[in-house]
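Novice: In case you want the letters, here they are:
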Amino acid sequence: MMRQVFLVEDESLLVMVLEDMLPELGYEVVASAYSVDSALRTLEAHEPDLAILDVNLGGARSFPVADALAIRGIPFVFASGYGESILPDRHASALLVPKPYGRQELEAALAKLPPRRAVSP
Amino acid sequence: MDTPLEPQDHIEANARLRLYETILAAVPDLVYVFDLQHRFIYANPALLAMWGLEWEQAQGRTCLELGYEPWHAAMHDDEIERVVATRAPIRNDVPFHHSTLGWRVYDYIFIPVFGPDGEVEAVAGTTRDVTERKQQEDALRRSEQRLSAIVNASSDLIFRLCPDWRELELVGGDAVTDLPRGRRMGWSPERIHPEDRTRALEAMQRARDTLTPYRSQHRVALRSGEWTWIESRAVPVHARDGSVSEWFGAATDITERVRHEEHLRLMVDELNHRVKNTLAIVQSMVSQTLRTCSDHDQAVALIESRLRTVAATHDMLTHEKWTGAPLAQIVRLAMGDCLDGDSTWLDMQGPAVSLDPRRAVALSMALHELCSNATRHGALSVPQGRVRIHWWLERDGDGARLVLDWQESGGPVVHPPARVGFGTRLLQRGLQHDMAGKVDLAFLPEGVRCRVEAPLPELQATP
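First to last, the sequence lines map onto chains A and B. Taking this note's numbering, the leading residue of the first sequence gets 1352, the next gets one more, and so forth. Taking this note's numbering, the leading residue of the second sequence gets 369, the next gets one more, and so forth.
The hints are simulated quantities; they were obtained by calculation from the structure and are not laboratory data. A few of these clues could be false.
Computed, partial: chain A to chain B, Cβ under 10 Å [stated by the list, open to error]:
| hint | residue |
| --- | --- |
| 1 | L1364 |
| 2 | E1370 |
| 3 | D1405 |
| 4 | F1414 |
Taking lysine to aspartate or glutamate and the DMTMM-like style, the derived pairs with C-alpha atoms no more than 25 Å apart in a straight line are [to be verified]:
| hint | chain 1 | residue 1 | chain 2 | residue 2 |
| --- | --- | --- | --- | --- |
| 5 | B | K806 | A | D1388 |
| 6 | B | K806 | A | E1379 |
| 7 | B | K644 | A | D1440 |
| 8 | B | K644 | B | E672 |
| 9 | B | K689 | B | D764 |
| 10 | B | K806 | A | E1395 |
| 11 | B | K806 | A | D1371 |
| 12 | B | K644 | A | E1435 |
| 13 | B | K644 | A | D1388 |
| 14 | B | K644 | B | E629 |
| 15 | B | K806 | B | D724 |
| 16 | B | K644 | A | E1456 |
| 17 | B | K644 | A | E1458 |
| 18 | B | K644 | A | E1370 |
Cβ coordinates follow ideal geometry from the N, Cα and C atoms, glycine included.
Next comes chain A alone, as it looks inside the complex (with noise of 0.2 Å):
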């Protein structure tokens, strides 16, 4: 069974072309969202497996959904075009893809993602 990707993404663009490279990379899109309240609101609804986090959401930052991630055991990776430099000391450890990625990029990042970490409920 394919792996379900959650993606928190600004760009649209970013987004159509994640939907069409990730399923041949063996993933599944199984939600996306644009904003940190709307990436908050899409994880009530969904388990994905893991995410892909732009760091910058329309001038906001998106940590508070990693911190969701964390929480729930979903592994993520961040995008971002700023360096690892601005990610903070509770995040320092997660995986960065710096944009503009390629395909063999986000594929070598994902591979990198640990399984779902069970938590008790």
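Chain B: place on chain A using the hints.
Specialist: Chain B only, in chain A's frame:
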């Protein structure tokens, strides 16, 4: 009453006289005696040299008779009278013209000479040339005044520190703090912000160890409890023996500068983000176009015109300082390729609405796709074709909703496309994502219709 002089005493008196004469001839100070009629009855060689006279020319003359200015002579007359009357010395200073040295400043003492009967029988005087000392004093005073003016005029805070830096005195300057000036107070590292403390203390230690100038940028606590950024400098002041007697320094309030630098850093970050995002958009757009368009030349043309639209939208947003863009302008810009002078085919109307940058880019790209599709297959491929773009605002709960309607007419009969192209996907998928709304695209036989509905934050609906 004194006993008469014995011969023995006489010899001794003569010896004493020679001794005194020798001393008086050798001293650089001026020594003289006035009688009670204010006439010179003695003047030593130094005084004669000052006058440029021989004793015979001066003997028995008063100051006035020797050519002193009347006010000067009168001043000495008065002083002599007072010494006689009070039987006490007086001291004063006065400028006078030396015969060879020019104008000099003299400090003098008049003292009473008592006769055997205890009455004042003459007034003796000694005068010292204090020109150099006066000049030094004046220079020092001027230098102190100048220093004080610099300190007071300074927009820095000027301070002194004792050699071990445990005590601080704010000398002047109106910067940084309203703590009192000119009073010694204890200084402790607690005044430095905890995050900056280690760094600042290291800089201080280094300066004290090496006796080299100290420099540090850190936050200090104000009396109000707020933190303010300062740049602090201090240099050691050495005593004659080479030891450090104190440190002297200045602190500048750099809060504004630090804020400005932080702002610049954020701007650079933001610019970096935009550039990278734009590159990602271009990358996506190119790969999408190549994926859906098999004809090479057509793909190149499509990519070029799509890039032009993105670039033009960025120009427009830059012009608006990235706060947003008026919808009418977005429409006109997106239709740019088609708006070739004659625009009677276009019916465009709607209220003034400003869209945020993300929505502006999304909508201009979407409209561009509609326009380019109409040019190739739809209403704009024939002369009599028309495009109607109307938009309006609807109430939507607490906010407003933008409805934009694209309607083609007068073109050839429309057939739904065999496969979903980039433009269609951008409209349906992209616009929905970026506008957070609903997109309804219909390939009706009489013409393409597209309706976009998007909630607007309160701010964007300009009245």
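Novice: Compare the structure with each hint and give your call.
Specialist: Quick rundown of the hints versus the structure:
1. Contact between L1364 of chain A and chain B, as hinted, is supported at the beta carbon level, the nearest pair being about 4 Å apart and thus within 10 Å.
2. The interface hint given for E1370 of chain A is met, as the beta carbon of that residue sits about 8 Å from the closest beta carbon of chain B, less than 10 Å.
3. At a threshold of 10 Å, the smallest CB-CB gap from D1405 of chain A to chain B is about 9 Å, leaving the interface hint in force.
4. The interface hint given for F1414 of chain A is broken, as the beta carbon of that residue sits about 15 Å from the closest beta carbon of chain B, more than 10 Å.
5. Straight-line distance between C-alpha atoms of K806 of chain B and D1388 of chain A comes to about 18 Å, which keeps the hinted pair within the 25 Å bound.
6. About 23 Å separates the Cα atoms of K806 of chain B and E1379 of chain A, which keeps this hinted pair within 25 Å; it holds.
7. Using a Cα cut-off of 25 Å, the hinted pair K644 of chain B and D1440 of chain A holds, with the two alpha carbons roughly 23 Å apart.
8. Between K644 of chain B and E672 of chain B the CA atoms are separated by roughly 19 Å; this keeps the pair inside 25 Å, and the hint holds.
9. At roughly 28 Å between alpha-carbon atoms, K689 of chain B and D764 of chain B are farther apart than 25 Å, so this suggested pair is violated.
10. This hinted pair checks out: K806 of chain B and E1395 of chain A have alpha carbons roughly 22 Å apart, not beyond 25 Å.
11. For the given pair, K806 of chain B sits about 21 Å from D1371 of chain A by alpha-carbon distance, which is consistent with the 25 Å threshold.
12. For the suggested pair K644 of chain B and E1435 of chain A, the alpha carbons sit about 14 Å apart, so the restraint of at most 25 Å is met.
13. Between K644 of chain B and D1388 of chain A the CA atoms are separated by roughly 23 Å; this keeps the pair inside 25 Å, and the hint holds.
14. About 22 Å separates the Cα atoms of K644 of chain B and E629 of chain B, which keeps this hinted pair within 25 Å; it holds.
15. Only pairs whose Cα atoms come within 25 Å are accepted, and K806 of chain B paired with D724 of chain B is accepted, the gap being roughly 17 Å.
16. For the given pair, K644 of chain B sits about 15 Å from E1456 of chain A by alpha-carbon distance, which is consistent with the 25 Å threshold.
17. Among the hinted pairs, K644 of chain B with E1458 of chain A is consistent with the structure: their alpha-carbon atoms are about 19 Å apart, no more than 25 Å.
18. Between K644 of chain B and E1370 of chain A the alpha-carbon distance is near 20 Å, which keeps this suggested pair within the 25 Å criterion.
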